[in-house]
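**Student:** So the protein lines, in turn, are chains P and D. FYI, this note's numbering numbers position 95 of the first sequence as 95, with every residue one higher than the one before it. FYI, this note's numbering numbers position 38 of the second sequence as 38, with every residue one higher than the one before it.
Worth flagging that the hints you see were computed from the coordinates, not collected in a lab. A couple of the hints might just be wrong.
[As the list claims (entries may be wrong)] Have a look at the derived ranges for each label pair, beta carbon to beta carbon: (1) D26/P with A15/D: 17 to 25 Å; (2) V76/P with I71/D: 36 to 44 Å; (3) T13/D with M1/P: 30 to 38 Å; (4) E81/D with Q120/P: 54 to 62 Å; (5) V74/D with G104/P: 40 to 48 Å; (6) T141/P with I59/D: 16 to 24 Å; (7) R20/D with A5/P: 20 to 28 Å; (8) P117/P with L3/D: 43 to 51 Å; (9) I59/D with A5/P: 38 to 46 Å; (10) S87/P with T4/D: 17 to 25 Å.
[Unchecked claim] If we take Cβ atoms under 8 Å as the criterion, some of the chain D residues that face chain P in the derived model are: (11) T4; (12) V5; (13) L7; (14) A15; (15) R30; (16) L32; (17) G38; (18) T41; (19) M64; (20) I71; (21) G72; (22) A75; (23) V76; (24) V79; (25) G83.
Glycine included, each C-beta is placed from N, C-alpha and C at the ideal position.
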Amino acid sequence: MLIEAVNIVLLALLAATAIAAVRLHDLFAVAMMFGIYSLLAAVMFVLLDALDVAFTEAAVGVGISTVLMLATIGLVGRHELPSTHRSLLPLAVVVATGAALIYGTLDMPFFGDPGAPVHQHVAPYYISQSPHQTGLPNVVTSVLASYRGYDTLGELAVIFTAGVGVLALLGLRRRKRPGKHRTAQ
Amino acid sequence: MTLTVTLIALLVTMAFALIRAIKGPTVYDRILASNALGTKTVLMIAVLGFVVGDPELYIDIALMYVLIGFIGTVAVLKVSEFGNLGQPQSHTDAEDT
Chain P
1 MLIEAVNIVL
11 LALLAATAIA
21 AVRLHDLFAV
31 AMMFGIYSLL
41 AAVMFVLLDA
51 LDVAFTEAAV
61 GVGISTVLML
71 ATIGLVGRHE
81 LPSTHRSLLP
91 LAVVVATGAA
101 LIYGTLDMPF
111 FGDPGAPVHQ
121 HVAPYYISQS
131 PHQTGLPNVV
141 TSVLASYRGY
151 DTLGELAVIF
161 TAGVGVLALL
171 GLRRRKRPGK
181 HRTAQ
Chain D
1 MTLTVTLIAL
11 LVTMAFALIR
21 AIKGPTVYDR
31 ILASNALGTK
41 TVLMIAVLGF
51 VVGDPELYID
61 IALMYVLIGF
71 IGTVAVLKVS
81 EFGNLGQPQS
91 HTDAEDT
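Could you put the whole structure together from the sequences, leaning on the hints where they help?
**Tutor:** So, in structure tokens, the structure goes:
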């Protein structure tokens, strides 16, 4: 009961943060809103007993992605251009898509239902066999690193490509050494 | 009972800090607010550890949050002080300095 109440309040705070990030025009403040959003989402993951996911969210969301966004703001300036087009049609499309997605979730099994297909298909096999087959104490790690090792390799390739793209956008030119100017003076 | 009161107090404090981060007229209000929110997050994870009954694991996670939040704060402060993170802006800027 207590955990459910905390969940509801945290979700309300998450929604408020997201709306503020959309409505603010100072990109510096928006980057900090994203950091706050990641912090709150990480607490949500902790509440869902997904400590490793929460840890990744904190490291990537609060640490690295804030730094990357701030570096981008340093390049492009910190004020959003005023929007010139009307946003009614995109809003209608987004609302329709969201309604369709919510309608789709009505057919899904309830949250935490032990009879759901996702808990009946291969999960019992992984849970019972992974200590003997892989020798890893953590089932999540054994699934990521052993049973779905090729998937993880592909994911790493995608993330590496994204990182190379961001670095190419930010510029990898060598910094000028200030020592030259000092000797000239 | 104590844990319940603590959790409620933490949630109320987080809401206040979030309001300041959204309204905050200057950048420094927002930096302070998001820093306070990070601290409250760490406290909340620690309290949740006691609620769940496995405090040692959760406190380790909370400590790592402090370290990660520090990186973000340093980056934010550096940008607010210098306007960038130290990358070369353009050739003219580099010549001036």
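**Student:** All hints are to be evaluated individually against the structure, with a verdict given for each.
**Tutor:** Hints and how they fare:
1. D26/P with A15/D: 17 to 25 Å: This hint holds: roughly 22 Å between Cβ atoms.
2. V76/P with I71/D: 36 to 44 Å: violated (22 Å)
3. T13/D with M1/P: 30 to 38 Å: violated (21 Å)
4. E81/D with Q120/P: 54 to 62 Å: holds (56 Å)
5. V74/D with G104/P: 40 to 48 Å: Given a distance of about 43 Å, which is inside 40 to 48 Å, the answer is holds.
6. T141/P with I59/D: 16 to 24 Å: Given about 22 Å between the Cβ atoms, the range holds.
7. R20/D with A5/P: 20 to 28 Å: holds (23 Å)
8. P117/P with L3/D: 43 to 51 Å: violated (36 Å)
9. I59/D with A5/P: 38 to 46 Å: Roughly 23 Å apart at Cβ, these two residues miss the hinted range, so it is violated.
10. S87/P with T4/D: 17 to 25 Å: violated (43 Å)
11. T4: holds (6 Å)
12. V5: It is violated, given that the least Cβ distance between V5/D and chain P is near 11 Å, above 8 Å.
13. L7: The hint holds - L7/D has a Cβ within 8 Å of chain P, the shortest such distance being about 6 Å.
14. A15: holds (6 Å)
15. R30: holds (5 Å)
16. L32: violated (11 Å)
17. G38: With a closest approach of 6 Å, the G38/D hint holds.
18. T41: holds (5 Å)
19. M64: holds (7 Å)
20. I71: holds (5 Å)
21. G72: holds (5 Å)
22. A75: For A75/D, the interface hint holds, since the closest Cβ of chain P sits about 5 Å away, which is under 8 Å.
23. V76: Hint holds; V76/D Cβ to chain P Cβ min 7 Å, cut 8 Å.
24. V79: Because about 5 Å separates V79/D from the closest Cβ in chain P, which is inside the 8 Å limit, the hint holds.
25. G83: holds (6 Å)
Hints 2, 3, 8, 9, 10, 12 and 16 from the list above are not met by this structure, while the remaining hints are.
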